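Sequence lines, in order, name chains G and Y. Using the working numbering, the final residue of the first sequence is 282, and nothing's skipped along the way. Using the working numbering, the final residue of the second sequence is 282, and nothing's skipped along the way.
Please note that the accuracy of each hint is not assured.
Copies of the same chain are indistinguishable here, so a pair counts whether it falls within one copy or spans any two.
Dumping the calculated SDA-like pairs for lysine to any residue here, alpha-carbon to alpha-carbon at most 25 Å [claimed, not checked]: (1) K115 to A128; (2) K115 to S89; (3) K72 to E108; (4) K115 to A162; (5) K115 to G233; (6) K72 to V141; (7) K73 to S268.
What the hints contain is simulated information worked out from the structure, not anything from laboratory work. The structure presented is a predicted model; accordingly, all values stated were derived computationally and were not measured.
Protein chains: 2
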Amino acid sequence: MPPRIVEVREGILKKNDQRARQLREDFRQHSVFVVSLVSSPGAGKTALLEGTLRELKSRCRVGALVGDLATERDAERLGRAGVPVRQITTGTVCHLEAQMVADALQGWDLASLDVLFIENVGNLVCPASYDLGEDLRVVLLSVTEGEDKPLKYPTIFNSADLAVITKIDLADAVGFRREEAHHNIHEVRPGLGILETSARSGEGMAAWTSRLRELSSLAGSPRR
Amino acid sequence: MPPRIVEVREGILKKNDQRARQLREDFRQHSVFVVSLVSSPGAGKTALLEGTLRELKSRCRVGALVGDLATERDAERLGRAGVPVRQITTGTVCHLEAQMVADALQGWDLASLDVLFIENVGNLVCPASYDLGEDLRVVLLSVTEGEDKPLKYPTIFNSADLAVITKIDLADAVGFRREEAHHNIHEVRPGLGILETSARSGEGMAAWTSRLRELSSLAGSPRR
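Using the sequences and the hints given, assemble the complete structure.
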């Protein structure tokens, strides 16, 4: 890559980091715990989020931002959970950036939220480089994608704070090798917490939401 | 996006298009039919390719280039099909570019091939913008990803010449709505050919390889 491109790219990333730092400060001041979800397209981010919002809304004030290249389908789908949701459509941009999150939050009173979810564009590569000011970045891996994905897309697993293996109800149907998947995640990121869920059968959802409640209750404490 | 970035990005794309044009000319001169595969991570590109290489190798001379951020796993896996395979590892780059293909082909006698497959990095966004000199771009969509993906990632479906719905053996297990998927593909790209396959059960593989043989037999004719 010629030097000029690298320079421009570093400029974009630096600017994004600064914007993300401001966002993180805003979130902290308003005691909002922010969770971002990253994965391949179709790994089940929206389904997991739908179940999570329904489960959490009786216990705390939740909301979500959802990113896609096109359509407002996810916002409409999540809106049916009865919580505030806003869609970010990125056009041809393959990831969310901190400024897009800031723009989407315009006029949204952060003080009205305890937990904000940010669902990224489905992409296992590019979102890794963009800090969105989140407290917790969760990478999803569905059992149908294959156990080798952490080895083949190491950067995003490296940038995550928690891994969630989704569609666990399909594990037998696809011959999912659980130990190999865990092993590969830990080869890339030793010690990363792993949960297994199925939004469809409900398996593992209680453990996931309970982990979120536990982490969000620490939201007043100093964070990264 | 500030003007300077757009300008640099357009420069990259223009350079890629020129390189791709040269590649296409090389392929044509050597009568190599080139098929690229694009999809989400885990949609089954490598599995489809593995079955395809085994099926085609008795009928014509085939080879493959496989792109990943990291690891040589796919090349090793495909190499077991007994055909020449080379791995391209892109590091942090989320897509293949024409120059990477040209570099990977260094020293490979194109005259020794009838059909060359290029498996892109798993990404449903960025590869859409990069011409690799291929004759046929095939976009894969697995039944586990959901029927709405064409609407949410329109650019890549728009840039494809053929769509292959993969893991069709799992259709019932995941409640795949076939007509909705076809409808959504055609909403984005009217008339796009659609095949349905399962590399695991073998369903649809004969129709797929027969379509490839049919198209490659036209490889001497003028192409796009």
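We went through each hint and held it up to the structure:
Neither within a single protomer nor between protomers do K115 and A128 lie at most 25 Å apart by alpha-carbon distance, with minima of 27 Å and 40 Å respectively. With identical chains, the CA atoms of K115 and S89 are at most 25 Å apart within one copy only, with a shortest distance of 17 Å there and 61 Å across copies. Taking the shortest Cα distances, K72 and E108 never come within 25 Å of each other, neither inside one copy (33 Å) nor across copies (42 Å). Taking the closest pair of Cα atoms, K115 and A162 come within 25 Å of each other only inside a single copy of the chain (21 Å); across copies the shortest separation is 52 Å, beyond that limit.
In the homo-oligomer, the alpha carbons of K115 and G233 never lie at most 25 Å apart, since the shortest distance is 35 Å inside one protomer and 28 Å across protomers. Proximity of K72 and V141 under a CA criterion of 25 Å is satisfied in neither setting, with 33 Å inside one chain copy and 45 Å between copies. Taking the shortest Cα distances, K73 and S268 never come within 25 Å of each other, neither inside one copy (35 Å) nor across copies (51 Å).
When held up to the earlier numbered hints, the structure conflicts with 1, 3, 5, 6, 7 and fits the remainder.
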